[in-house]
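Protein chains: 2
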Amino acid sequence: MGETKTAAGRLEPKTKRGLRTRDALLRAAEKCFGEKGFHASSVSDITDEAGMAIGTFYLYFTDKLEIFRAVVDQIQTELRQHLRRSDNDDRLVRERHGLADFLAFARARPRMFRILQESYVVDPDIYFSYFESIAASYARQLKAAQAGKQIADANPDIQAWCLIAISNFLGMRYSHPSKRRANIGVVVDTAADFIAHGLSPNGRAHVQGQSGAGRMPLVSTSQARQRRV
Amino acid sequence: MGETKTAAGRLEPKTKRGLRTRDALLRAAEKCFGEKGFHASSVSDITDEAGMAIGTFYLYFTDKLEIFRAVVDQIQTELRQHLRRSDNDDRLVRERHGLADFLAFARARPRMFRILQESYVVDPDIYFSYFESIAASYARQLKAAQAGKQIADANPDIQAWCLIAISNFLGMRYSHPSKRRANIGVVVDTAADFIAHGLSPNGRAHVQGQSGAGRMPLVSTSQARQRRV
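As you go down the protein sequences, you meet chains B and U in turn. So in the working numbering, the last spot in the first sequence is 1199, and the numbers never skip. So in the working numbering, the last spot in the second sequence is 1199, and the numbers never skip.
Chain B with its partners taken away, still in its complex shape:
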């Protein structure tokens, strides 16, 4: 059959067709969970949405909770693929690109936030695993950037959580229908400037006549100043 059983007895698809079926179930589940929520969505809602018989579901997933976890994993996989495009050598430039890419991703699929937020309620471990996993690889990159003197030398795990917090919160806010028309360029510029230099008024004011790319604001102060969203 080209497929193997998992410990729980479900099919781990190996064939293209099996993968396509599993993927179609994940898409349908993401739509149901994202629109109606975990509790209001049943397995038969998911198979109806996917246009499949309910029996097919149980070939791939044990229950609704298992496909919910798989949907969250899928969001993370796709997010990582999307963010891999940000590949500048300079970490501060990468942060800016990464934030812009994340906000574009978030606005293209605002349902992800409802699913993530609900995961905290369904089982906090799903929520924390998602963010801890992202934070762990983020922290490795920050540690490398510290070694290269591109960013400040501090606990990279906490730096990573601060950065994830900012992109996630701004992603939630600017994918909300009331903010669909916001000027995302201004959001990215302001937040990227905050990420690079914090709230401190210095470091920017003294840019002229000082060397060091890290001191350069990613947008000029006059640009960032009080721009409206």
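Incorrect hints may have been included.
Each pair may be met inside one copy or between any two copies, as identical chains are not told apart.
Claimed, not checked - SDA-like, lysine to any residue: derived pairs with alpha carbons at most 25 Å apart:
id	residue 1	residue 2
1	K1113	T1047
2	K1001	D1015
3	K1113	S1148
4	K1001	R1151
Hints were generated in silico from the structure; no laboratory data involved. If you're wondering where the values come from, they're calculated on a predicted model, not measured in any experiment.
Following the hints, position chain U against chain B.
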């Protein structure tokens, strides 16, 4: 009776006893929602928890959704009272104190996060109203600090969202049982340094021999460097 009816016909308590009863219902609801979630908690669970007859509930609240909103409002009120203690003249010092106070508040009542996260699912407007309301007053304070040249001149609304993101995410993480034993001092120092100076390696390295309190890191670089949580 010393009480007036709201538009919905509920009692707006004016007497001490009425306020105490409403408050007891809010406490009971916070416990139920925080432990079992919105969907699994019924009005009778709440009145059982409060040791009251179910009829009493309907004197004060229209339904479960109304008391859920009131619980979120109550969290905000108590958070504001708690944070009002941070009252230093310097904005960067206040940010540091505010973060430390918020993390203490969060760790003392970790249920708040489950309730807030679930509010996004129950009705996103509850979630966004909570954060937009906090952000609006935060932004006013930041604007005043900008006018006083204490912090960088940029869109204060976006600065406020970045700051709220950091405290909320760190609050969620460090009130989780797996992180109860983390060294919160290191978390506060690292995050406060990020808030003041961002990721940029400069502004800290050049501290010596330069004037300007805003340039001073809130913890020395050697302190912040790679400290373990």
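Unsatisfied constraints (hint numbers, rising): Hint check: nothing fails, all pass.
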